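Going by the numbering used here, the letters in the sequence shown line up with residues -18 to 261, in that order.
Calculated directly from the structure, the hints in this document are not laboratory data.
Since the model is a prediction, treat every value here as computed from it, not as a measurement.
Do not rely on the hints blindly, as some may be mistaken.
[Unchecked claim] In silico EDC-like pairs for lysine to aspartate or glutamate, Cα to Cα no more than 20 Å straight-line: (1) K191 x E136; (2) K146 x D209; (3) K57 x E10; (4) K146 x E136; (5) K61 x E7; (6) K57 x E136; (7) K224 x D48; (8) K72 x E111; (9) K57 x E23; (10) K57 x E11; (11) K53 x D97; (12) K69 x D209; (13) K191 x D22; (14) K231 x E10; (15) K61 x D22; (16) K231 x D97; (17) K191 x E111; (18) K61 x E10; (19) K191 x E23; (20) K191 x D209; (21) K191 x E26; (22) K70 x E190; (23) K61 x E14.
[As the list claims (entries may be wrong)] Cβ pair distances, simulated, as ranges: (24) L211 x E6: 27 to 35 Å; (25) G228 x G128: 20 to 28 Å; (26) E6 x K70: 20 to 28 Å; (27) T21 x M(-6): 12 to 20 Å.
In this text, a Cβ means the ideal position worked out from N, Cα and C, and glycines have one as well.
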Amino acid sequence: MQRYSDLVLESCMAAGTLPGGVTVEEQTEEEVEVSIVRITDEEGEKAVGKPRGSYVTLTAPHMAGSDPEIDKRCAKALAKQIRAMMPKKNKQRPVLLVGLGNRSMTPDSLGPRTLDHVMVTRHLFSLWPEDLQKAGNVCVISPGVLGETGIESGEAVFGIVQQVKPAVVIAVDTLAAGDPARMATTVQLGNTGIAPGGGVGNRRLALDEKTLGVPVLALGVPLVVRADTLFEGRQQGLIVTPKDIDGIVKASAILLSRALNQALHPRLPKEMKELLASQS
C-alpha cells in the first residue's frame, strides 16, 4: 500500500532501493539523527515524487515536549541546518517568515503559533540602528486560510514579497506523515518550497521560487496522518492526529521558533534577545 507522506525520507524508504538521482547522507548533530536527502535530477523526482533539491530530516524519539533537553538539542541542530540552507546572496535584505495554516484548528496551527515566538526586527532598524547591528532583519506574516480570508496564501505572500523584497522566504507548516511513529518525532527542512494543504488533500497555490521570485525554504513537523494510509484506502477524508495534540503543537512551535531565532539572530547579545522577546 502506498502511503502519502510529506516527508521525503519516508518517500525514499517507500521506494525500496535508493533510486538514481537521489543521495542520502546520515549524520548526528547534538545527539539528534540528521538525514540529508538530495534529489538531483528528473529520475530522482519521479522516483520519490518530490521536486529536486535538498531536504533535511531531524529525528529524535522524545521530541516536542516530552524531554526539554532533547528539544534544546534539536533546536540547536536545526538552527545549524537552517543557516547552511540560507541563500548566500542579498544578506542585507529581510527574511520573511510565513506561518501557514489555520490557527483555529489545533493540528493545523503550527505555522502561526511558531511565529508567535519569533523575534521580529525589521520595523526596529530605523529606531535602534546601532543596537541592532548584530541582529537579523526578520519579518513575519500569517496569511490565514482561503476559507476564512477568500485569499490564497500564495497570493497574499506574493503581494508582501513584492513590497518587502526579502532575500528568502521561510514557510512553516504542519506536515503529514505516512508512519504514525513519525508524528512529533521529526522535523523536515527543505529548499524547494511548499504547497499549502497538500498533506490533507487540499493542495493550494505553491509557495516556491517560481511563484514568488525568491528562494523559499519549507519547515515543518508531521502532526497528522491520513486515515486512508492506515486502513488501505478506506476512511477517505479523515485525518488522524495524536490525542495530546494541544501540548505537542505548543512544544513544536517553541522548538521551531527557538531554532529560527538562533539561526536568524546568531550574534545578538543575550540582553537584546530578552528585550526583543518581551516585545513579541
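Tell me, in ascending order, the numbers of any earlier hints that this structure violates. As far as the earlier hints go, 2, 6, 9, 12, 14, 15, 17 and 20 are violated by this structure, in ascending order.
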